[in-house]
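A.B. asks: Residue numbers (our numbering), protein chains in the order written: chain A, 1 to 280; chain B, 281 to 620.
Keep in mind that a hint or two might mislead.
Output of the computed footprint for chain A on chain B, the stretches with three or more beta carbons under 8 Å from beta carbons of chain A [unchecked claim]: (1) 326-335; (2) 382-394; (3) 432-438; (4) 521-529.
Since the hints were derived computationally from the structure, they do not count as laboratory data.
For clarity, every value in this text was computed on a predicted model and none was experimentally measured.
Quick reminder that beta carbons are idealized off the backbone N, C-alpha and C, glycines included.
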Amino acid sequence: MPEHKCDCENPLVPGIVEVIDIKDETPDVKSFFVRSVDGGVPFNVMPGQLGMVSLMPVGEGMYSVSWQEEQEYLQFAIKRVGLMTDELHRIEVGQKLGVRGPYGNGFPVEECKGRDMLFIAGGIGLAPLRSFIKYCFKHRRDYRRIQIIYGSRSYNDLCFKDELFDKWPREQDTEVYTTIDNPEAAWDGHVGFVPAYLEEISPSPEGKIAVVCGPPIMIKFVLQSLEKMGYGDEQVISTLEMRMKCGIGKCGRCNVGSEYICLDGPVFTLAQLKKLPPEW
Amino acid sequence: MQILSKSKLNAALDLLSRQAELFVPLARGEESGYYPWKSYQAGSDQLMLDALNVMLPPKGVVFPQTERIYSFTGNDKGVEIKESFENHDPRIIFGIRACDTAALDCFDDVFLTMGYVDSLYAARRENTTIIAHACYRPGDNCFCAAMGIDPTEPTKADVIIRDTGDAYIWESKTDKGDKLTAALSSLLEDREAATPEMQAFKHQVDYEGVAEKLKDMFEHSIWDELSQTCQTCGICTYVCPSCYCFDIQVKSWGDEGYRFRCYDSCMYPEYTQMAGGHNPRGDSRERFRNRFLHKLEFFKERYGKPLCTGCGRCIVACPAGIDITQIIKQIKEADTSAGA
């Protein structure tokens, strides 16, 4: 049957961007800075929202936008874990990519205003949280005390080191705690897993919102720790990940219960998560 | 009322086939499904208007098994979207039953509501006219009424036909239906005919309260037993008129290619397999549970109706004899007191 060219907007067709910079974050995480070939960002995102990135002809993958710098660029920090990301890690500055979005609900940046913020991340889980952390610093007066607890397998695997060790600790009323899984000769910081370190630091739940992202197993333990420490279900926010294809709540696979991570999530409060099956 | 005599059926189908691509239920070799009337081969094909359900549902008319989204050229120098595809060809589905129109109703919910309109689906759907065939004699595996469907009044129909023995009552329901009625005016007669009598359902199913009960049954041991024989072959999703899950894949040669979508199945482990290894539904029990919860609970929570329309195809197709009506029954009977 003949297929006609159409003028209407197909949400599954990406816009084209150019990679204007690539930065090695860790041995297996790179940041890709992209700008629309027509200039500017391909779309505006709120912290925690997602973008579907395609590398022709290899594939398409959903990644959180780790930062939007005004109308200059979108930054995606992407870990090399499979076929698509393996190829992505081989591209060079100047490469053209497809990007569509923004997808998902993003973090409740408005509702968190006036609160103390506690960010808890593991590994590449800092990538989505970083957009919220940087948003808080950009609108510093809207948020109160900021605490960041972040852990990775090793020192090398800690993402965004310049911010973690240099920029963020110098921000007003801000504490950054880092930990790695196993001791290393050159590391004099904390050693141990994130949930245990969190309980050690034991930030008081009073007036606080906790935002959590990391591997599913870390999230599950951190949520338990926070509950133990007295955090209420509305005080805890997490951002989830599932395999995604369409990004618009149609293709089916990213459901947790009757919710679609790409559309209704990826950000959920613990109160919302408790109503959903633990299938993530 | 308007009547289409069965002696004029072929003439009517020929006429409709000149208006648009006309899909009719046919038995073709060992398969049966909705095929273009213009591909009908007397002798090897058999028109299946009297069969309650052909094996393959008509969903492919509005949601093809594979469908191109866009074509591109791409290499390390540049990327260009060449063409974005959309199909506006007029189509008619003839003889579709109420269970299958109800499934299209579910498709409309998924593809046309909740934030985004799927333009590929919308283009095909808008240009599709539905001539539905009212059912009065439920088959052995039919249970549409239990799922809230009136088999004699198919929803989403532009025309409803009702079999009176030697003729069909022809009822136009929409403007689209009126257009086809006008096109067929030379073949339609204006006379009275008795509406057929509704026969009793042979298969008694009680879905009442199942969606609500399932809310507390995610961790129930019933899923261990129920899923034991499932081979996760995915045939149930393929023959299901309301299963819509799809994959997006790429086909490329040199610097050119196109991205397309195709049917997927929640029964396959790859469906939720993430790069890096994590799979939230890695074992068959989890996939089986998700499929039935989606059908009987999740979809109803989201769209207000179950994602099963009682057509009974999966009951016939399943190589392991898994029967969704038995599952509904066992859910109804399950002990959900603490510890069960």
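A.B. asks: Would you mind marking each hint as holding or not holding in the structure?
C.D. replies: These are the hints, each one checked on the structure:
1. Using a Cβ-Cβ cut-off of 8 Å, 0 residues of the stretch 326-335 of chain B lie near chain A, which falls short of the minimum of three, so the contact claim is violated.
2. As drawn, the stretch 382-394 of chain B meets chain A at 3 residues by the rule of a beta-carbon pair under 8 Å; at three or more, the given contact holds.
3. For the stretch 432-438 of chain B, the proposed coverage by chain A is not satisfied: 0 residues have a C-beta within less than 8 Å of a C-beta in that chain, short of the threshold of three.
4. Beta-carbon proximity to chain A at under 8 Å applies to 5 residues in the stretch 521-529 of chain B; the threshold of 3 is reached and the given coverage holds.
Hint compliance for this structure: hints 1, 3 are not met, and every other hint is.
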